[in-house]
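Start from the sequences, fold in the hints, and give me the full structure.
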Amino acid sequence: MIMALIFIGITALKLNCGSQDMNRRTTCKPNVTWTTNKGQILLHGEQLVLKGINYFGFEREESAPHGLSRQSLDFVLDFMEENDFNAVRLHFSIEMVQKNPKTNVDCKSNKDLCHLKALELMEAVIDRCAERGILVVLVCNRLGSGSDYSKLNGLWYDDAIPTYKEDKVLEAWDILMDRVKKKWNLFALDVLDQPHKEAAWGVNDEKKDFNRYVEKFVTRGAEHFTFQMALKHACT
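With mature numbering (1 follows the signal peptide of the UniProt record, and there is no 0) applied, the sequence shown covers -18 to -1, 1 to 218.
Please keep in mind that the hints were generated in silico from the structure rather than gathered at the bench.
Quick caveat: nothing in here was measured; it's all calculated off a predicted structure.
Please note that a few of the clues may not be correct.
Said to hold, decoys possible - Simulated restraints on C-beta separations:
no., residue 1, residue 2, range
1, T17, S132, 40 to 50 Å
2, G21, K90, 43 to 53 Å
3, N82, S132, 25 to 35 Å
4, G136, K93, 37 to 47 Å
Said to hold, decoys possible - Straight-line C-alpha distance at most 20 Å; calculated DMTMM-like pairs for lysine to aspartate or glutamate:
no., residue 1, residue 2
5, K190, D149
6, K147, D191
7, K99, D160
8, K133, E180
9, K81, E44
10, K99, D88
11, K198, D187
12, K164, E102
13, K133, E148
C-beta: ideal position from N, C-alpha, C; glycine also.
Rendered as structure tokens:
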């Protein structure tokens, strides 16, 4: 299923996992039933309303969510829970998945996380979101790790760099999904954040047709909702 994703700040449907009881948190795994109807995503038959945030960092050189070099992950997620957020878009890079590097995490604030490599840390973030009933959308933000958006080619691959050819990008997704696909709160996958420049939709050019790539991605075996970012922005 290919759908647009919008995070909106109104009352969200709760998943009833949040609790100050840490014993309950470690065992929280609700029975979640997803359906769709007329373009709406339904949870247990009710329309799902997402109140979420974008959480960057795994796509940068530090290979860790922003803020963890100074404060604890629990502090960040507790803030989300206390303010009724029920979803987070967790951004990452293909390079991060391929290299699984060490992370920049403060050991004083995150004693049990600072020794983890990037993919292990991502799993820990997803698990701690689950303890609070927070859904996770994994977002492929970019190919190479970094913060310079001027260097992005706007496409989901880069034939000029062997490790970023389309087949290598899909292999990176396979590596990631082998780790996280069974986590109950992994809600959706965003195949590429903000495709632009030469990226197009439904054109007769497989090098530019983002639609072709999304369909290939889905038929590869994605078991979650698959989102794609709009190719053009309009202001009225």
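Sort out which numbered hints this structure fails and list those numbers smallest first. none
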